[in-house]
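2 protein chains.
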Amino acid sequence: MESPKKLRIALDAMGGDCAPEREIAGAVKALESSNNKFDIVLIGDEQAIRQQLTLQRAEKYSFSIVHTSQVITMGDSPTAALKQKKDSSLAVGMHLHKEGKVDAVVSAGNTGAVLSAATLILGRVNGVSRPTIGTFIPAEHGSTLLVDAGANVDCRAQHLYEFAVMGSIYVQLLLKKARPAVGLLNVGEEKSKGTEAVREAHKLLSESNLNFIGNVEGRDILKSTADVVVCDGFVGNVI
Amino acid sequence: MESPKKLRIALDAMGGDCAPEREIAGAVKALESSNNKFDIVLIGDEQAIRQQLTLQRAEKYSFSIVHTSQVITMGDSPTAALKQKKDSSLAVGMHLHKEGKVDAVVSAGNTGAVLSAATLILGRVNGVSRPTIGTFIPAEHGSTLLVDAGANVDCRAQHLYEFAVMGSIYVQLLLKKARPAVGLLNVGEEKSKGTEAVREAHKLLSESNLNFIGNVEGRDILKSTADVVVCDGFVGNVI
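One line per chain: the protein sequences are A and B, in this order.
Per this note's numbering, the first sequence starts with residue -5, numbered consecutively.
Per this note's numbering, the second sequence starts with residue -5, numbered consecutively.
The hints are simulated quantities; they were obtained by calculation from the structure and are not laboratory data.
The beta-carbon is built from N, C-alpha and C at its ideal position, and this holds for glycine as well.
It is possible that some hints are incorrect.
Calculated pairs, DSSO-like style, for lysine-lysine (alpha carbon to alpha carbon, straight line, at most 27 Å) [stated by the list, open to error]:
no.: 1; chain 1: A; residue 1: K185; chain 2: B; residue 2: K77
no.: 2; chain 1: B; residue 1: K0; chain 2: B; residue 2: K31
no.: 3; chain 1: B; residue 1: K95; chain 2: B; residue 2: K23
no.: 4; chain 1: A; residue 1: K187; chain 2: B; residue 2: K79
no.: 5; chain 1: A; residue 1: K80; chain 2: B; residue 2: K79
no.: 6; chain 1: A; residue 1: K170; chain 2: A; residue 2: K0
no.: 7; chain 1: A; residue 1: K170; chain 2: A; residue 2: K217
no.: 8; chain 1: A; residue 1: K79; chain 2: B; residue 2: K217
no.: 9; chain 1: A; residue 1: K187; chain 2: B; residue 2: K31
no.: 10; chain 1: B; residue 1: K(-1); chain 2: B; residue 2: K171
no.: 11; chain 1: B; residue 1: K23; chain 2: A; residue 2: K185
no.: 12; chain 1: B; residue 1: K185; chain 2: A; residue 2: K77
no.: 13; chain 1: A; residue 1: K92; chain 2: A; residue 2: K77
no.: 14; chain 1: A; residue 1: K79; chain 2: B; residue 2: K77
no.: 15; chain 1: B; residue 1: K95; chain 2: A; residue 2: K187
no.: 16; chain 1: A; residue 1: K77; chain 2: B; residue 2: K187
no.: 17; chain 1: B; residue 1: K217; chain 2: A; residue 2: K217
no.: 18; chain 1: A; residue 1: K0; chain 2: A; residue 2: K31
Residues from chain B that keep clear of chain A, each with C-beta distances beyond 12 Å, as calculated [claimed, not checked]:
no.: 19; residue: S56
no.: 20; residue: S58
no.: 21; residue: S71
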């Protein structure tokens, strides 16, 4: 019998502000703390990556390296960058995922470009109108998942509803909670409160089979009132 | 020559969660710490007010008392309450202001009712479409005025612009800053960021004679990047 296949993770080694130094350090930490649970594919400038591996005495780890010649910067326009920088670490990583050669892509780079690349190259799951960003925020009892934490500034009720569904599934799988409590971020508890989109989202969530506990307020994020707190990406970014 | 006239302040003694106990305690503290700078008119149930004055040994202070028989509660619908509770402490206080018998009204009660009473009874200054709530938030260097902190959940660009004007004047007068720095709360520094209303507000503010420093982000509120931070009341409430 085969041993269970390791997860293969593509890491955009050129993504962050101090790339690839921090990326390599993070990859090493991930392998060490997980007892080599993953296969990590480092994507980026091979010379810069090998230099860091030497500097950090990390040659003993069996990273794969995929060389790319371009980098999408924080100042790049996401969609333009994806068109022009086909050999960027981000685009190449997403293509590896698309082709089934890795199981996930991790990047600390230009958020808009990461979202665009995922949407354009990988596509969306059926029923999902827009990708979203979920962020775990430390709270009184464990963590609260805030979703959307900044991907979509203008949201309709249907988007908020879909974020709730995705957030609920994410918490179910990651934190092993059978029925995560979902709260809708609002300015008060009453269902009559909030903008039109939020009031309509309250209706959609009430009629759903999610474990919807109603509106929650800003302070509730830290009070562990809900496992998942749903808001638009403007509010989520400000939080 | 007459000595300068004292400010006359109407205090809604029935407004807060622990009224009138906290209101009386606050009134006493205000007089003591300001060396009797104000005349305070306590508005509410006279018996309850006199009882608290006795309990708190505050009979020596020369409060005026205006008796009212009704109270607007936190659960009351603002506009309905104002129609039905004409003899509420809040409504009577606003009418005293309207008649020039006091210079200001202070209430810790139902926010919506306070805003509605101010708008319906006192009216608005010419050029102001909507009243707003400004809240000083402690920051690295002094305080940042957040405006709107919760009065208007749906805002157009013109409203945000007016909040900026009001906030700027308020900080000018209260903190004696000649040209308060005004920031527009957004998800990034670039003027292309944000919702349509926020992008349009950026344009209005750029063309104004305010000291507009551009977009600021959530973290900037605590960093004293701006003296006045402008946002809609949904975001402001969550903050």
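### Agreement of K185(B) and K77(A) with the hint, judged by alpha carbon distance not exceeding 27 Å
Holds, because 23 Å separates the two Cα atoms, which is no more than 27 Å.
### Satisfaction of hint between K217(B) and K79(A), Cα-Cα up to 27 Å
36 Å, violated
### Query
When you look at the beta carbon of S56(B), is every beta carbon of chain A farther off than 12 Å?
39 Å, holds
### Query
Has the given pair, K80(A) with K79(B), been kept, meaning a C-alpha gap of at most 27 Å?
68 Å, violated
### Query
With d taken as the least Cβ-Cβ distance between S58(B) and chain A, does d exceed 12 Å?
34 Å, holds
### Task
Verify the proposed pairing of K187(A) with K79(B), using a straight-line Cα cut of 27 Å.
23 Å, holds
### Query
Is K0(B) within 27 Å of K31(B), Cα to Cα?
Since the Cα atoms of K0(B) and K31(B) sit roughly 6 Å apart, the hinted pair holds (cutoff 27 Å).
### Message
Confirm or reject: S71(B) is not an interface residue toward chain A, with every Cβ-Cβ distance exceeding 12 Å.
### Response
9 Å, violated
### Message
Would the hint linking K95(B) and K23(B) be met if the CA-CA limit is 27 Å?
### Response
The hint holds at about 23 Å.
### Query
When you check the alpha-carbon spacing of K170(A) and K0(A), does it fall within 27 Å?
Answer holds: K170(A) to K0(A) is near 21 Å, not above 27 Å.
### Task
Sort out whether K171(B) lies within 27 Å of K(-1)(B), counting only the CA atoms.
Status holds; Cα separation ~25 Å.
### Query
Going straight from one Cα to the other, do K77(A) and K187(B) come out at no more than 27 Å?
Answer holds: K77(A) to K187(B) is near 21 Å, not above 27 Å.
Consistency with the previously given hints fails for numbers 5, 8, 9, 11, 14, 15 and 21, ordered from lowest to highest.
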